Amino acid sequence: QVTLKESGPVLVKPTETLTLTCTVSGFSLSNARMGVSWIRQPPGKALEWLAHIFSNDEKSYSTSLKSRLTISKDTSKSQVVLTMTNMDPVDTATYYCARIVSGYYTGNYMDVWGKGTTVTVSS
Amino acid sequence: DIQMTQSPSSLSASVGDRVTITCRASQSISSYLNWYQQKPGKAPKLLIYAASSLQSGVPSRFSGSGSGTDFTLTISSLQPEDFATYYCQQSYSKGSSTFGGGTKVEIK
Numbered sequence: 001q002v003t004l005k006e007s008g009p010v011l012v013k014p015t016e017t018l019t020l021t022c023t024v025s026g027f028s029l030s031n032a033r034m035g036v037s038w039i040r041q042p043p044g045k046a047l048e049w050l051a052h053i054f055s056n057d058e059k060s061y062s063t064s065l066k067s068r069l070t071i072s073k074d075t076s077k078s079q080v081v082l083t084m085t086n087m088d089p090v091d092t093a094t095y096y097c098a099r100i101v102s103g104y105y106t107g108n109y110m111d112v113w114g115k116g117t118t119v120t121v122s123s
Numbered sequence: 124d125i126q127m128t129q130s131p132s133s134l135s136a137s138v139g140d141r142v143t144i145t146c147r148a149s150q151s152i153s154s155y156l157n158w159y160q161q162k163p164g165k166a167p168k169l170l171i172y173a174a175s176s177l178q179s180g181v182p183s184r185f186s187g188s189g190s191g192t193d194f195t196l197t198i199s200s201l202q203p204e205d206f207a208t209y210y211c212q213q214s215y216s217k218g219s220s221t222f223g224g225g226t227k228v229e230i231k
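So the protein lines, in turn, are chains A and B. For what it's worth, this note's numbering labels the leading residue of the first sequence as 1, then goes sequentially. For what it's worth, this note's numbering labels the leading residue of the second sequence as 124, then goes sequentially.
Hint data in this document are derived by calculation from the structure and do not stem from the laboratory. Bear in mind the structure is a predicted one, so any value in this text is a computation, not a measurement. From the three backbone atoms N, C-alpha and C, an ideal C-beta is built for every residue, glycine too. Careful: at least some of the hints might be erroneous.
To be verified - Short, incomplete list of chain B residues facing chain A, as computed with Cβ under 7 Å:
1) D124
2) I125
3) N157
4) A166
5) A173
6) S214
7) G218
To be verified - Derived CB-CB ranges, DEER-like:
8) B:S153 - A:T120: 32 to 42 Å
9) A:P89 - B:D193: 32 to 42 Å
10) B:S175 - A:D88: 38 to 48 Å
11) A:V2 - B:S176: 11 to 21 Å
If we strip away everything but chain B, and leave its shape as in the complex, we get (with noise of 0.2 Å):
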């Protein structure tokens, strides 16, 4: 089974900043890697699919990169309802999906 690495596994940041989430694959994915944002109590919910695809609706702050094994998440300009966990999630597998261990995005 492919695992899924996110790292780090929690940060803190300030209204404003820039915040870089990471995913690795245990193996090349192409760019079959989606991410999601979950609130407490939630569910989640689709921010960017096949890697880089912004989902209809979601801010333009967030964007999508990567290919291969190594992708990032990243929100230019951290705003307060972005506080959550996000979670990647890779769909190389044509029988099954992996979800990585989520990251939790903090006040400072």
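Next comes chain A alone, as it looks inside the complex (with noise of 0.2 Å):
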């Protein structure tokens, strides 16, 4: 059984830095054709795609967040990492990671999400 859950901190002061972890069981980071993606949804609001990173470490980020953003992984830990700097009360938002399945005829999809964590950032 595939599953990912998502884990860090519920409240960030504006400035600072979120460190969210992905923790992933039921397939490995290594397989070819997969990766995860990082999601967030404020409340009430649409989804917005942050980052992802593939099994090759090919990294691709959100343009209007890529100088915020940093993705990385864990093979051996099964973890994958996404930080956000200089965090601001807009960045309130439920943060999903997701698995994606990926091939040339069908593209990229998210086939498996994790629970999500909410962030709140207050001082």
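Hints given; two lone chains; assemble the complex.
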């Protein structure tokens, strides 16, 4: 059974750096054609893709947030880490990680999601 | 960046109704379009990938169609458990992804 679980602080202060960890089980981060995405959702708003990383260590970031994001993985620990610098109250959201399956004919799709972790930015 | 526009943003329908949700891309994305369902307080769930492929375990009343810039998610006979928000997502751009703004399906 494939599962993903997000963990990190519930509350961060403005200007601080947020570090979130996604721990996966049921598959390996070294599996070809697989990766992990981070997505967030502010209260009452739509989903926003943030970043992804693939088994070959290929990384991509949201254009609007690229300067603030870093994604990395530790295959031995089955973990993907996202850091976001200079947090602001507008970054208050539920943050999800999801497994990506990638194919030439199918593109990338997120077939299994974690339950999400809620982060509030406030002083 | 590719923009994804969903319409309508919300709709009211009755159990048994046929429901159609549209997603339009700002440029051609071939068939690299996915659909997700999200219920309140829950993580999104994959329904359709590559525009028309039904994810394993998803009821056959859900279907997807389209290519290029215009896509459709259809629920052939709306069931009580289908009241939720639906999102499209493009994966055409190699280094990025985008979600639509969502369509909330409510009970009439």
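For each hint, the structure was consulted:
no., hint, in the structure
1, D124, "holds (5 Å)"
2, I125, "violated (11 Å)"
3, N157, "holds (5 Å)"
4, A166, "holds (4 Å)"
5, A173, "holds (4 Å)"
6, S214, "holds (4 Å)"
7, G218, "holds (4 Å)"
8, B:S153 - A:T120: 32 to 42 Å, "holds (39 Å)"
9, A:P89 - B:D193: 32 to 42 Å, "holds (37 Å)"
10, B:S175 - A:D88: 38 to 48 Å, "holds (40 Å)"
11, A:V2 - B:S176: 11 to 21 Å, "holds (18 Å)"
Consistency with the previously given hints fails for number 2 only.
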